[in-house]
Amino acid sequence: MKTTTNPYRLPQTTTPEQLEMNGIHILNFGDQVLLAGHYFSKGKDYWYGAAYTFTTKDHTCEGKIRLMAVSDKLFEDDGHAIEWAMKH
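So in UniProt numbering, spot 26 of the sequence shown is number 26, and the numbers just go up one at a time.
Heads up, some of the hints might be wrong.
[Unchecked claim] Pair by pair, the computed Cβ-Cβ distance ranges are: (1) 64 x 44: 18 to 28 Å; (2) 72 x 45: 16 to 26 Å; (3) 76 x 56: 34 to 44 Å.
Note that these hints are calculated values from the structure, not bench results.
It should be emphasised that the depicted structure is a prediction, and the values quoted were computed from it without experimental measurement.
All C-beta atoms in this analysis are idealised placements derived from N, C-alpha and C, irrespective of residue type, glycine included.
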């Protein structure tokens, strides 16, 4: 499910390089940049997924991207967070 809220304070527009510099796991996937972000809650580690799309033909680490979807549930690991992002 896509959400319009952004509880993880992800930037609406950014670059893949800026996301990586903040310690977020990213994966280039065609015209998208998928991410798994770490979230600590109630004494436990969780992960969330999100999907960005490139806004220009520049698909390098400095290309501009826009946030398209953020998971509304938390995952036990980063692999499941990326799986969610691949589907959205």
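- Message: Just to be sure I understand the hint, the distance between the Cβ atoms of residue 72 and residue 45 should be within 16 to 26 Å; is that true here?
- Response: Holds, since residue 72 and residue 45 (Cβ atoms, about 18 Å apart) stay within the stated range.
- Message: Tell me if the beta carbons of residue 64 and residue 44 are separated by a distance inside 18 to 28 Å.
- Response: 34 Å, violated
- C-beta pair residue 76, residue 56: status relative to the range 34 to 44 Å that was hinted: 35 Å, holds
In summary, the structure is inconsistent with hint 1 from the numbered list given earlier, while agreeing with all the others.
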